[in-house]
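Visitor: With chain A held as given, fit chain B onto it using these hints.
Number of protein chains: 2
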Amino acid sequence: MLQDYQLLRIPGPTPIPPSVQQVMLAPMIGHRDQETKALLNRIQPKLKNIFGTLQDIAVIAGSGTAGLESAVVNTVNPGEDVLVLVTGSFGDRFARICKTYQLTVHRFDYDWGTALEPEQIKAYLSQNPSIKAIFATYCETSTGVLNPIRELAQVVKQVSDALFIVDGVSCVGAVETRMDDWGIDVLVTGSQKALMLPPGLTFVAANKRAWKKIEESKQARFFLDLRKYRDSSQQDSTPFTPALSLLYGLEQSLTLIESEGFPAVFQRHQVMKNMTRASMRALGIPLLTNDLVASPTVTALKPYDFQPDLLRKIVKKDFGLVLAGGQNQLKGKIFRIGHMGYCSPADVIQVISCIEIGMYKLGKKTSLGIGTKAAQDVYLNHIEGD
Amino acid sequence: MLQDYQLLRIPGPTPIPPSVQQVMLAPMIGHRDQETKALLNRIQPKLKNIFGTLQDIAVIAGSGTAGLESAVVNTVNPGEDVLVLVTGSFGDRFARICKTYQLTVHRFDYDWGTALEPEQIKAYLSQNPSIKAIFATYCETSTGVLNPIRELAQVVKQVSDALFIVDGVSCVGAVETRMDDWGIDVLVTGSQKALMLPPGLTFVAANKRAWKKIEESKQARFFLDLRKYRDSSQQDSTPFTPALSLLYGLEQSLTLIESEGFPAVFQRHQVMKNMTRASMRALGIPLLTNDLVASPTVTALKPYDFQPDLLRKIVKKDFGLVLAGGQNQLKGKIFRIGHMGYCSPADVIQVISCIEIGMYKLGKKTSLGIGTKAAQDVYLNHIEGD
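Note that the protein sequences, when read in sequence, are chains A and B. Numbering of the first sequence is given in UniProt numbering, commencing with residue 1 and proceeding in unit increments. Numbering of the second sequence is given in UniProt numbering, commencing with residue 1 and proceeding in unit increments.
One chain only, chain A, in its complex shape:
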């Protein structure tokens, strides 16, 4: 097989654009010098656009989970009641973090592959005024569900003063996100998904309501103390040594997103989602999620007549195509295709054609070209509709 060749199509880490790689080669600079301050200053407005907020964004050197944890330890006091909405393994992670910090966790579990239900949550909140914060996942990476965050924000505000805290790790930058307009109080994302960077940065924004709580919170925290990031940010700095090479890349990746334009970026992800779903339907591979809640960034498939991990093995061996498997209760039952960030409709067609060959090798001799054509049709319809 061709050496040093790989097609990485998991829902993060995602491939890095060449120009982003290029700028990350820049030499180290003094992390307290004017150059770093200027860089942080240039990055802030771009990040605010991605989040849809006027608030400063904390840029933390850490995995996405560090961002999620900061959203917990800064906003809630030990013992307080919180509602955690679990639609998959990342909702479950929020719940586990909350448990770790001795919060009283009210937990809603939805079948993996379905979305949370705003009206039901509204009813619960109106009967449980003790809830101080609600934790939700925007795109649930483990299932490919895009939860109706905008709708949920709306109903939450109608019945509750609780903070509305959202994990946007695997979609912010690829789908419309209007933190301020929608009324998200705290929003978290990470570098290695739609933002087209290596892992190692996580981003957290909080609005005025959240800041009131953050100021008062008695939960101990140091590295993840958002107050430290805000105070430093006001001087275009960070409280701890920032991950400089990733910051260089971040400025470029945000510039790429701006150059393409937000509507075009969102549209591209929609088209890639529709291409993927149409092709899988044509190939007779059941989709885990229904169309209404399907994420533009990742699609989960639940085959009934072949083992997904066997398919993954074949396409990895033949083409270096890396697909994701299932997590936790979905382990061995699904496979997932990432189509976000540095990914074009042409890449989606390539993935589909490789999957067809894999299915052929698994004995499904009639699959060749079927899914590819369906995806091509979606692409052409979209272009004609332009």
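There is no bait here: all hints are sound.
Since copy identity is lost for identical chains, a pair holds within one copy or between any two.
List time: in silico DSS-like cross-link candidates among lysine-lysine, alpha-carbon distance up to 30 Å:
{"#": "1", "residue 1": "Lys-37", "residue 2": "Lys-316"}
{"#": "2", "residue 1": "Lys-313", "residue 2": "Lys-228"}
{"#": "3", "residue 1": "Lys-212", "residue 2": "Lys-99"}
{"#": "4", "residue 1": "Lys-228", "residue 2": "Lys-99"}
{"#": "5", "residue 1": "Lys-302", "residue 2": "Lys-37"}
Hints were generated in silico from the structure; no laboratory data involved. In this text the structure is predicted, and so the values were computed from the model without any measurement.
Guide: What follows is chain B alone, placed relative to chain A:
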């Protein structure tokens, strides 16, 4: 001035070797795939050599402060007595983290520029058996002191069962470190100093005594929970998405260190320290620290007849040479030269000659060549002694 030119000689971040830059360009891979497992598996023994331990090393995506915080929140229960030895701003950071987590902090403050005193600490420990952990800084970056950690470890064990926890961020990899032999219970370092990488990784190792306490500890922690890193490490994995590009670089930088050989690496840093100190003496710029406790990685100077920040401004403007200033109580009073990691004796001579020109511009017309010659003498004496 020559554009895009910089000489970064602060005590971290430090310059990145070209071959390390090169490997960091490798594309993203699946963070749960065999390639990542194999990478982590190859990195572990190299890291163990750097730490001088047989224990697995937790590789955390985060700033060095995240590593320091993990050393606190995993080993000590709220309310317990700890002794924090403060010889500068990073010792102070340990104390602030301990305060944040409601520990009862016994604090020893030493004059900034001096080292901690093992015998005095021994006496205190024997009179204060309630102390459960001792926090010390190996190289205090803010002053250029290399604290006598080996000696301290020895006396601590004679009188106390307390865990001995060491911040090795700005020297591990450049000076001899024998965690197991010396009896360091928890050791922390970071990527952006002697390990020649961009910031964004921190490393933590704990020995069996420490693990006993870590298992029992009731302090809440999630992202920084060392148990999660250990459990994942046993499967060549990480609990949260690792900073992949930095891991690629880490393997190469550790390979570079091994190729040079530990004795040669340590010797090179000693020579660079001696060159720097001899030149500054020749130039009449007082050293902040005395020879016995001077760090091989960073040297602090306290001029009495010119403003250090003025000198820094001149050499930055003329040569792109970035020196560090003072922190906290030493702000405006000292300047610091980093000579660690990807830094050779030739680089030290260059820095000295630039400083001489800066002094000339500040009115000290007789300085040219004086410090350079002193450094050259040290270098040649060292070679002849080989």
